[in-house]
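Undergrad: Guided by the hints, dock chains R and H onto chain Y, whose structure is given.
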Amino acid sequence: MVGKSVVTLDDVSTADITDLMSKARYIDSHRRQVAGTCSSRVLATLFYEPSTRTRLSFETAMLRLGGKVIGFAGAQLSSATKGETIHDTVKVVSQYADIIAMRHPKEGAALVAAQSSDVPVINAGDGGHMHPTQTLADLATIDARFGRVTDLTVGLCGDLTFGRTVHSLIETLCRFGNVRFVLISPNELKTPRYVLDRIDASPTCSYVEATDLSAVIGDLDVLYMTRVQKERFFNEDDYLRLRDTYILDEAKMRLAKPTMAVLHPLPRVNEIAAEVDNDPRAAYFEQVRNGMLMRMALESTLLGDPLPGYAQSKEVQA
Amino acid sequence: MVGKSVVTLDDVSTADITDLMSKARYIDSHRRQVAGTCSSRVLATLFYEPSTRTRLSFETAMLRLGGKVIGFAGAQLSSATKGETIHDTVKVVSQYADIIAMRHPKEGAALVAAQSSDVPVINAGDGGHMHPTQTLADLATIDARFGRVTDLTVGLCGDLTFGRTVHSLIETLCRFGNVRFVLISPNELKTPRYVLDRIDASPTCSYVEATDLSAVIGDLDVLYMTRVQKERFFNEDDYLRLRDTYILDEAKMRLAKPTMAVLHPLPRVNEIAAEVDNDPRAAYFEQVRNGMLMRMALESTLLGDPLPGYAQSKEVQA
Amino acid sequence: MVGKSVVTLDDVSTADITDLMSKARYIDSHRRQVAGTCSSRVLATLFYEPSTRTRLSFETAMLRLGGKVIGFAGAQLSSATKGETIHDTVKVVSQYADIIAMRHPKEGAALVAAQSSDVPVINAGDGGHMHPTQTLADLATIDARFGRVTDLTVGLCGDLTFGRTVHSLIETLCRFGNVRFVLISPNELKTPRYVLDRIDASPTCSYVEATDLSAVIGDLDVLYMTRVQKERFFNEDDYLRLRDTYILDEAKMRLAKPTMAVLHPLPRVNEIAAEVDNDPRAAYFEQVRNGMLMRMALESTLLGDPLPGYAQSKEVQA
Numbered sequence: 017m018v019g020k021s022v023v024t025l026d027d028v029s030t031a032d033i034t035d036l037m038s039k040a041r042y043i044d045s046h047r048r049q050v051a052g053t054c055s056s057r058v059l060a061t062l063f064y065e066p067s068t069r070t071r072l073s074f075e076t077a078m079l080r081l082g083g084k085v086i087g088f089a090g091a092q093l094s095s096a097t098k099g100e101t102i103h104d105t106v107k108v109v110s111q112y113a114d115i116i117a118m119r120h121p122k123e124g125a126a127l128v129a130a131q132s133s134d135v136p137v138i139n140a141g142d143g144g145h146m147h148p149t150q151t152l153a154d155l156a157t158i159d160a161r162f163g164r165v166t167d168l169t170v171g172l173c174g175d176l177t178f179g180r181t182v183h184s185l186i187e188t189l190c191r192f193g194n195v196r197f198v199l200i201s202p203n204e205l206k207t208p209r210y211v212l213d214r215i216d217a218s219p220t221c222s223y224v225e226a227t228d229l230s231a232v233i234g235d236l237d238v239l240y241m242t243r244v245q246k247e248r249f250f251n252e253d254d255y256l257r258l259r260d261t262y263i264l265d266e267a268k269m270r271l272a273k274p275t276m277a278v279l280h281p282l283p284r285v286n287e288i289a290a291e292v293d294n295d296p297r298a299a300y301f302e303q304v305r306n307g308m309l310m311r312m313a314l315e316s317t318l319l320g321d322p323l324p325g326y327a328q329s330k331e332v333q334a
Numbered sequence: 017m018v019g020k021s022v023v024t025l026d027d028v029s030t031a032d033i034t035d036l037m038s039k040a041r042y043i044d045s046h047r048r049q050v051a052g053t054c055s056s057r058v059l060a061t062l063f064y065e066p067s068t069r070t071r072l073s074f075e076t077a078m079l080r081l082g083g084k085v086i087g088f089a090g091a092q093l094s095s096a097t098k099g100e101t102i103h104d105t106v107k108v109v110s111q112y113a114d115i116i117a118m119r120h121p122k123e124g125a126a127l128v129a130a131q132s133s134d135v136p137v138i139n140a141g142d143g144g145h146m147h148p149t150q151t152l153a154d155l156a157t158i159d160a161r162f163g164r165v166t167d168l169t170v171g172l173c174g175d176l177t178f179g180r181t182v183h184s185l186i187e188t189l190c191r192f193g194n195v196r197f198v199l200i201s202p203n204e205l206k207t208p209r210y211v212l213d214r215i216d217a218s219p220t221c222s223y224v225e226a227t228d229l230s231a232v233i234g235d236l237d238v239l240y241m242t243r244v245q246k247e248r249f250f251n252e253d254d255y256l257r258l259r260d261t262y263i264l265d266e267a268k269m270r271l272a273k274p275t276m277a278v279l280h281p282l283p284r285v286n287e288i289a290a291e292v293d294n295d296p297r298a299a300y301f302e303q304v305r306n307g308m309l310m311r312m313a314l315e316s317t318l319l320g321d322p323l324p325g326y327a328q329s330k331e332v333q334a
Numbered sequence: 017m018v019g020k021s022v023v024t025l026d027d028v029s030t031a032d033i034t035d036l037m038s039k040a041r042y043i044d045s046h047r048r049q050v051a052g053t054c055s056s057r058v059l060a061t062l063f064y065e066p067s068t069r070t071r072l073s074f075e076t077a078m079l080r081l082g083g084k085v086i087g088f089a090g091a092q093l094s095s096a097t098k099g100e101t102i103h104d105t106v107k108v109v110s111q112y113a114d115i116i117a118m119r120h121p122k123e124g125a126a127l128v129a130a131q132s133s134d135v136p137v138i139n140a141g142d143g144g145h146m147h148p149t150q151t152l153a154d155l156a157t158i159d160a161r162f163g164r165v166t167d168l169t170v171g172l173c174g175d176l177t178f179g180r181t182v183h184s185l186i187e188t189l190c191r192f193g194n195v196r197f198v199l200i201s202p203n204e205l206k207t208p209r210y211v212l213d214r215i216d217a218s219p220t221c222s223y224v225e226a227t228d229l230s231a232v233i234g235d236l237d238v239l240y241m242t243r244v245q246k247e248r249f250f251n252e253d254d255y256l257r258l259r260d261t262y263i264l265d266e267a268k269m270r271l272a273k274p275t276m277a278v279l280h281p282l283p284r285v286n287e288i289a290a291e292v293d294n295d296p297r298a299a300y301f302e303q304v305r306n307g308m309l310m311r312m313a314l315e316s317t318l319l320g321d322p323l324p325g326y327a328q329s330k331e332v333q334a
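Residue numbers (the numbering used here), protein chains in the order written: chain Y, 17 to 334; chain R, 17 to 334; chain H, 17 to 334.
Just chain Y, with the same shape it has in the complex:
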């Protein structure tokens, strides 16, 4: 993967994803050893729209590897840069930086950037809010909880029509195989046909659709919650009627397995009650930490900077 850009997870093989998860675990338990891995490197975060959580994750990842960070976010952007083509901006920035993380409101911007850049570009979101490192964070969290991302019953709950984060997770889990999906949503917000087709195309994966979280929560190893936006409903009555069905609270948690892991891409509005935060099954804040660890793994890998001691640790395991 050295020197490559990551626009979507199609740019990363399943073997590479497995290696990134292995590296993330290694980094977490060897923070001091890896603290100088990228000491001569500069990351540029080019955020044409602000996305605080994502930007800080990319930046912390590089800083904790010993690298440096430059960049802009939203209103810091000058009018000259606003008028410039993405091609030229990325060409300029690749004179300064060794790697770029870019977020842009327009679909396809990351691909243009990757094609223009002299250094690796990581898509931190273009158009929709889906981006490959969010899915890497999700996978790393499942992996951290279960030691695997296969042989699991994975529930996805909420807006399954527009939730691109969910589509990307389903697609990527299908590449690993052996997942039973439980797709929990109101009828208005069901999973699109092409995503269901993707599951069907995987010989070892299957799905069921459901509308009631309480009825199926007991079957789940993983529950991936997403926000149900009011604007998605045809009328307010439907919204009010359905809303509580998709709110995770202590009462519903009592119906779930003791080993279930609750994930959420954050920010949440009210779809997970605050009372769930202290439940050991709540994994959404460690998902944030895993996102940072996966970005550390990804940044160092794309830069070709080996993690000190990692190769030896793999040999010992083998």
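Read the hints as simulated data drawn from the structure, not as lab findings. Among the clues, some could well be false.
Each pair may be met inside one copy or between any two copies, as identical chains are not told apart.
Claimed, not checked - Derived DSSO-like pairs: lysine-lysine, alpha-carbon spacing no greater than 27 Å straight-line:
#, residue 1, residue 2
1, Lys268, Lys107
2, Lys273, Lys107
3, Lys273, Lys330
4, Lys246, Lys330
5, Lys246, Lys107
6, Lys330, Lys20
7, Lys20, Lys268
8, Lys246, Lys20
9, Lys268, Lys122
10, Lys330, Lys122
11, Lys273, Lys20
12, Lys268, Lys330
TA: Frame of chain Y; chains R and H shown alone:
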């Protein structure tokens, strides 16, 4: 204090304040030795409203200790983060950072953050412009000039009704004791009763109130100037009549002791004439430097990172 | 130059410019050796208006020398700082930082800052878009391509009336001497008299004026392109008639020498066709990199931090 948050100075004992001042002096004379104290640390500056001077002080402090900085200021903030609860934002950021400095327009925000965070939170201002590290900067400046923060006549001049910086300084000096306060303000902007009560409650402190700076300046060891805002007056005539009384210029400086120290929390408007800047008694720019040094002392202390050589230097003194 | 500010290139002697170019070349081939040159230093970038490209260049320069960066850009600026005098802001910031790069919309702001500051100030643009480090980037690029900045035919094309970048480059090349300028512009946008006088005052420099790029491109060693803004023309017909004359494309490149270097201060709009980017004579992206290298040379020089190995390398050459 390791691992604790500092929302107000009530969170810091007088012994701890004394130790912080001692550390600030040590840091100032051992810049190179302390430059790696926090080398594996990340500070997050979460500035929901911009406050350039304060943010740069916190950031420089961490950088000069060898740590790294992430954060946002004002318009860099994404709408998602704006809509998120302080609880969730701080939980997320404490996955990235080892310590947080937060500024927020709403009173009480820092307390909520401290209760939510997994890492220490320092209040960099919530609601009013008072914040504990401003008072620490004030104390360190008095300490640097006089070698003590007691046995002094301290004049506070300007808006004593709404100036929360002044209230915090009075309150903290009363904890150390042996201070004679001279409270200089127009009648419209006198010190509130509860602050006077605080002085009265200190057996070794006392106060007098005055309206004319020139009449009392000759008694002062310390003169703490604050801005008199036009909006505070009932009518413009009063403002125009009184304004000059509270402007410090060379003429008034000639009436003061040769050892007096002039402090100001900055920014100033016109309440200290530029001609005073070159007077050796002007201490307001060294107050800025002392603020940075106290933040270095506070950050390293809350993180539990010992300053190299400091413990030994204390033993030698003892 | 140690401890001095650079408001214009009048603050830098030709001998110093030559030394900076020599340092920039050394830095480029000794990236690892110089990576700790300014390890105890802090740069403050005070950008009262955003200028992404310039800010990132100054910041990367300091980071690649091992230093740290604080600062603000545009909307990050707090209202208090907005209302404060430049004098006070710079006095405050010079308590934190060892060197300042400032950009300000008002002409003269950099001079005020330099006079107020306790540390060196580099003008990153005030009023117009001209600033001394842009010209240093231009010179370093000519030097990198030809091994000299003299004995060259230098064409400048586009808006020569309002293009302050071009005026500064002409002025500085005249200080070195032995340059034949070809000034290519529409009649509405000819070089001002005082700039022509400056060339005439140099005994070894000369100029010709032209309106047709194609007619003269074959004579040029350097072609410095600038943008022709529509707003500069009296009527749209003239603009449309003349526009293409000043667009550099492959057809015109075929008329040029194989060794010609094409420079542009960026951002471009459409005055250089994208097809030219892959021509080895296109030097505008390496001009960006040279800008960063010259800022590394300048920052380390003003701070008095010697580049490891540089002095010895000069002795070997001598």
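Undergrad: The structure should be examined with respect to each hint, and the outcome stated for every one.
TA: How the hints compare with the structure:
1. Taking the closest pair of Cα atoms, Lys268 and Lys107 come within 27 Å of each other only across two copies (23 Å); inside a single copy the shortest separation is 51 Å, beyond that limit.
2. Taking the shortest alpha-carbon separations for Lys273 and Lys107, only the inter-copy value of 25 Å comes in at or below 27 Å, while the best intra-copy value is 51 Å.
3. In this assembly of identical chains, Lys273 and Lys330 lie within 27 Å of each other by CA distance neither inside one copy nor across copies; the values are 33 Å within and 56 Å between.
4. In this assembly of identical chains, the alpha carbons of Lys246 and Lys330 never lie at most 27 Å apart, being 48 Å within a copy and 62 Å across copies at closest.
5. In this assembly of identical chains, the alpha carbons of Lys246 and Lys107 lie at most 27 Å apart only when taken from different copies (26 Å versus 41 Å within one copy).
6. Taking the closest pair of Cα atoms, Lys330 and Lys20 come within 27 Å of each other only inside a single copy of the chain (23 Å); across copies the shortest separation is 39 Å, beyond that limit.
7. Proximity of Lys20 and Lys268 under a CA criterion of 27 Å is satisfied in neither setting, with 44 Å inside one chain copy and 35 Å between copies.
8. When the C-alpha separation of Lys246 and Lys20 is checked against a cutoff of 27 Å, the pair qualifies neither within a copy, at 40 Å, nor between copies, at 40 Å.
9. In this homomeric assembly, Lys268 and Lys122 never come within 27 Å of each other (Cα to Cα): the closest approach is 39 Å inside a single copy and 34 Å across copies.
10. Taking identical chains as interchangeable, the C-alpha atoms of Lys330 and Lys122 are never at most 27 Å apart, the minima being 40 Å within one chain and 50 Å between chains.
11. For a Cα distance limit of 27 Å, the shortest separation of Lys273 from Lys20 qualifies neither inside one copy, at 41 Å, nor across copies, at 36 Å.
12. Proximity of Lys268 and Lys330 under a CA criterion of 27 Å is satisfied in neither setting, with 41 Å inside one chain copy and 57 Å between copies.
In summary, the numbered hints that this structure violates are 3, 4, 7, 8, 9, 10, 11, 12.
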